[in-house]
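**Student:** Protein sequences, first through last, are from chains A and B. For the first sequence, position 291 (counting from the first letter as 1) is numbered 291 according to our numbering, and the numbering increases by one without interruption. For the second sequence, position 246 (counting from the first letter as 1) is numbered 246 according to our numbering, and the numbering increases by one without interruption.
Mixed in with the good hints, there may be bad ones.
Which copy? The list can't say, so a pair holds if one copy fits it or any two copies do.
Calculated cross-link-like contacts (lysine-lysine; reagent style DSBU-like; alpha-carbon spacing at most 35 Å) [claimed, not checked]:
| id | residue 1 | residue 2 |
| --- | --- | --- |
| 1 | K259 | K235 |
| 2 | K259 | K128 |
| 3 | K186 | K206 |
| 4 | K186 | K360 |
Hint data in this document are derived by calculation from the structure and do not stem from the laboratory. All values reported here derive from a predicted model rather than from experimental measurement.
In case you want the letters, here they are:
Protein chains: 2
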Amino acid sequence: MADLEFDPTSHPHRRYNPLTGEHVLVSPHRMKRPWQGQTEPPQPTALPRYDPKCYLCPGNTRAGGEQNAAYTQTFVFQNDYAAVLPPPGPAAPPPAHPLLTTQPVEGSCDVICFHPRHDLTLAQLEVKDIEVVISEWAGIYERRGTQEGIEYVQIFENKGAMMGCSNPHPHGQTWSLSQIPTLPAKELANMKQYAASNESTSDAPKGPSGRPCLLCEYAHYEVSLAQEEGRVVYKNEHWVGLVPWWAVWPFEILMLPYKRHIPSIQELTAEEKTAWADCLSHITKRYDNLFQCSFAYSMGIHQRPVPLRAGQSADEENVAHLHLHFAPPLLRSASIRKFLVGFELMAEPQRDLTAEQAAKRLRDLSDVHYLAAGTQA
Amino acid sequence: MADLEFDPTSHPHRRYNPLTGEHVLVSPHRMKRPWQGQTEPPQPTALPRYDPKCYLCPGNTRAGGEQNAAYTQTFVFQNDYAAVLPPPGPAAPPPAHPLLTTQPVEGSCDVICFHPRHDLTLAQLEVKDIEVVISEWAGIYERRGTQEGIEYVQIFENKGAMMGCSNPHPHGQTWSLSQIPTLPAKELANMKQYAASNESTSDAPKGPSGRPCLLCEYAHYEVSLAQEEGRVVYKNEHWVGLVPWWAVWPFEILMLPYKRHIPSIQELTAEEKTAWADCLSHITKRYDNLFQCSFAYSMGIHQRPVPLRAGQSADEENVAHLHLHFAPPLLRSASIRKFLVGFELMAEPQRDLTAEQAAKRLRDLSDVHYLAAGTQA
Ligand SMILES: [Zn+2]
Ligand SMILES: [Zn+2]
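Using the sequences and the hints, build the whole thing.
**Tutor:** Rendered as structure tokens:
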């Protein structure tokens, strides 16, 4: 076999993720056979527009006793069972052993209802409604991120019973913390390292001080490829959604602005926000259309840890480049999921379907949500 | 709150994992209430001792057409749908872009049946039967790990439908690869770093060249604590099973020999192998007893990547210290699991139950398997 030419669609290989410094093992030879997944869509469960027992619906009372506002767009409240408590907290004790260190964490956990309707998701919202969600995210990032003692704001959405999220009401969360968590800290360190030790020969946008930005370079390369060669699922004037080269989840998506270097949500123009809402709408619709179900995923926004403080001058955290990760577990149908277990948990993530194959499947889907298509027919 | 004394059983904090260099967020204030989990055990499904449709039972024919031996102890065969192909493979092409690198991977995937009985698991096997499994692991490590082109042997077990493992027949796998995967590479790098940059003031065993070993130091500290203060679940003369300080999974276990520095399974004495089998038996029994079910988990063995080659002298990979990780998803009952999603997937793992609380719950359980206790009653 040593004389054969390497073929990424048939030879097992590893791909490197420069954001995390980790690898994924790809076994495309197991995908050579024609598509064999189950494709029967399950009957969609009809949800009510308003559920009197939902703790997120407008006007309802939550378990803690508080009443939700009769909101008509988005609605934000502090999580009644927050994973962290507001600062200031007690200082760390000296460790009992150098290998057993403790770092106190303070902060706040917020819940964001995306829309008053119980039965809709981002995939079914109008672009203008998604723009309202983006404005709410921007507001929380600025409000929480400028509070004393807060060093990081993580905006995320966890969607679907398969992800342990039992309430279908469209909502996300924000955890604002006194420390930068493991994964964004790792990404930020790798972005800094990239900016410091690489020279760009492309005409991609540049990061702070004219240094190359890992994500500007990567997105620029992806959008420059002929569509059928690449991993782009959808792009508009400012934003692109693609299956990254190093994707771990079968239909993982990386979504980011590619026309200029944008460290955080705070720096988006109105036009860039609308383009983001459009990109979110297109990607989430294709997700739902893939297996004709409300597609489960975890989504997270990575950006500058917190906004630049008043009186601060631009610092090195501007190497951050605003982006979203979508990690969906579904593999072959509305009920067949990928498990990250065994070798993957103990050694290295692994996939059969290549990123290119996944991108093509998502790209080839309709832009019209399958439930809307049903009612139009 | 700044004047309060820090209390690890009530104040949110982060713990550092020196093996991976990552953190876990602990929210013990959410556990203050008395134990509220569901505790009704499900009816155990009675499995047959032999299942004519099981592709792992003795004498049965597998999907690929091959017939299993009529084995009476353990049985090993090459996985019919291996994630990698045997060496040599083609060389890597130059990357299309520096951010999109490809590394070919070669190797073999083996399946190990632990026992001919379809209805037993490690928790129900006799210690002498587990010793046979350990010998089989040692044999595969030596056989695969000395093959040309193999640089790493990962032994693991993935158990339970909840982990995507549909066949209850007791079995594990071994993937032997041309590269060291992400997680063991990271652990090995941190072990080397620890040996190089620390001085030991304890009387823990020492690693190569008399340098301190991260895991010798850690295990030595844990076994020296008074039982009620610590995280030890079970220990015998040579091995200990404990919930590590930095555990991510609710009932995660780290199992390792603590009396001397042991880089790999190859270097265990007969007595140490028996002690390991005893420790495996005790821990897996307690797992099953916790929620009175066949406890699902992924287990992985980390050690020297491959045996020392003939003619090689001891090299720096002897800083590795043989250990096992158990990652079980169950949280509060036989059906309530932890999901690693949302913030945990996008930022940092999080847990409510502390490692100390988990260790105490496991420690307080009976040593007699609940199914055997039932038949004895
Ligand atoms: Zn950039
Ligand atoms: Zn050691």
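**Student:** Could you run down the list of hints and mark each one as holding or not?
**Tutor:** Status of the hints after comparison with the structure:
1. K259 with K235: within (11 Å within a copy, 59 Å between copies)
2. K259 with K128: The answer is within: 22 Å in one copy meets 35 Å, while 65 Å across copies does not.
3. K186 with K206: both (21 Å within a copy, 31 Å between copies)
4. K186 with K360: Both: 30 Å inside a copy, 33 Å across copies.
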